[in-house]
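*Asks:* Next come the chains, spelled out residue by residue.
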Amino acid sequence: MKKLLLIFVLSSACFVSGKAQYYYDRSKNPDRVVSPRAEKKSRTDNKSDRDFDKFFFLSWDTNKPMSNTDFIGQSSSLGTKLGFRKRLNDEDKLWVGGDFGWAVYKQYMPFQTYQYGTSAVSTDLYNYSYNYSLTANIDYFFFSMEKIVVPYAGFGVGVAYDKFSQYYNIYAGSSDSWGLQIRPEVGVLIGFKANSAWRIKASYHYDYASNASNLVNNNFITPGNNNYTNFINTGFQIGIVKMAW
Amino acid sequence: MKKKCSIVIVAVMILAGCQPKPDAGDLVKNMVVSTQYDNTTDFTKYSTYYLALDTVSYFNSDDPYAADTLQCDACNGYSNQLGSYPGVITSEVKARLDAIGYKQVPRNQNPDLKIYVFIIENYNVSQSYNYSPYGYGYGYGFGYGGGYYPTVSVSDQADLYIEIFDLTNHSKPLWLCDIGDLVSSPDPNGSITIRSIDQAFQQSSYIKKK
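In order, the protein sequence lines correspond to chains A and B.
Per the numbering used here, the first sequence starts with residue 1, numbered consecutively.
Per the numbering used here, the second sequence starts with residue 1, numbered consecutively.
The hints are simulated quantities; they were obtained by calculation from the structure and are not laboratory data.
The beta carbon of each residue, even a glycine, is placed where N, CA and C say it ideally should be.
Across the chosen pairs, the derived CB separations fall in these ranges:
#	chain 1	residue 1	chain 2	residue 2	range
1	A	Leu78	B	Asp98	43 to 51 angstroms
2	A	Gln74	B	Asp63	42 to 50 angstroms
3	A	Asn226	B	Ser191	30 to 38 angstroms
4	A	Thr62	B	Asp198	39 to 47 angstroms
5	B	Asp63	A	Lys64	49 to 57 angstroms
6	A	Ala136	B	Asp63	53 to 61 angstroms
7	A	Trp178	B	Gln202	36 to 44 angstroms
Heads up, simulated EDC-like pairs for lysine to aspartate or glutamate below, C-alpha to C-alpha not over 20 angstroms straight-line:
#	chain 1	residue 1	chain 2	residue 2
8	B	Lys209	B	Asp38
9	B	Lys114	B	Asp198
10	A	Lys106	B	Asp23
11	B	Lys29	B	Asp198
12	B	Lys172	B	Asp38
13	B	Lys172	B	Asp112
14	A	Lys106	B	Asp26
15	B	Lys21	A	Asp124
16	B	Lys29	A	Asp124
17	B	Lys114	B	Asp42
18	A	Lys193	A	Glu146
19	A	Lys163	B	Asp23
20	A	Lys54	A	Glu146
21	B	Lys21	A	Asp176
22	B	Lys103	B	Asp198
23	A	Lys86	A	Glu146
24	B	Lys45	B	Asp98
25	B	Lys210	B	Asp42
Can you make the complete structure from the sequences, with help from the hints?
*Replies:* In structure tokens:
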């Protein structure tokens, strides 16, 4: 009985030892299958190997209006863009996401007289345009995100809301409209080092919005038929990007 | 991820509600001067006018003595709520009419024109600037049918009106001037009012003697 018991204990010890050896040195097993999740975690443990698949950005946006410049023709540095992108494919080049844009344009018109038939009005005017846009975007990055400098070309399509206002003395008038927004842009992401988590985004964009507004019919004081049939502007944005995974 | 989305949503809401406006002090440096006239009128045919000096009519929705509408420099009590302001206005109007070549005469000497100066405080006062180049018809009194009524940013406002009537033709209204806002525009010595009255006549070059 004692012999049988001894044989069983020895056999068990050998089996446990074999299993332990297998799990201890499993990485040397050429047939092992490592899950993508485990692989990603392994890579991100090393900062230079982080595999970013999304980013967020906040930009300062300077714009120049190109439509109805008799109402507002002055460039504006009062603008912001917020956005995010998510990697679409493993090649690290096609990213999709969305942008929210906000810009305010303003123009002071010195005191002058506006003649309308048998009526005339003299005043100085403060013309304002408040522009908002929400777009879905797709960007093509020409290099891998691991590079320090990554140029890209992008395109956004969505909706725009513009509110045109005019202030004079204690009086004000306004008109607003919704429209289709289209925004092609070219730009570059510049990291502080290779595969940096924080980057600078700089881009030039052209904005077309189908927003139309009949200022004359809304009793704006304008020297002629200065209505909006669309709102077009060009802009330059520079901002900060936070990469994430 | 939820936290980041929340931050973005809050930022978007803040920006969406951000609509900066001009500085209030800059807005009221000049008064708005609007004028309208009857374009069938030949102003050169008139020679004399009647104008009550140092006196204006004053209609204020908060006036407890609504029947007492005259304000004058030399009056007392509720008829002196505007201090010397009526005299500042009427003397400038007289100066401009005299410069055109019209002659002021007393009411009993059958003047050609009557100049009526009045101020309306509240009572739904608004600039009577009438945009349409085709006009909505020349009005009478306080309102012009179909006129432009912009929104206002204050609860207390007042406009100065100067109106010219043709006493040779059933007191037909010929010209209306609307200047505002008198309450918000800082004008302690009346200089902005004087400048605005001058502007009203300057932009009405059809009022001429020759």
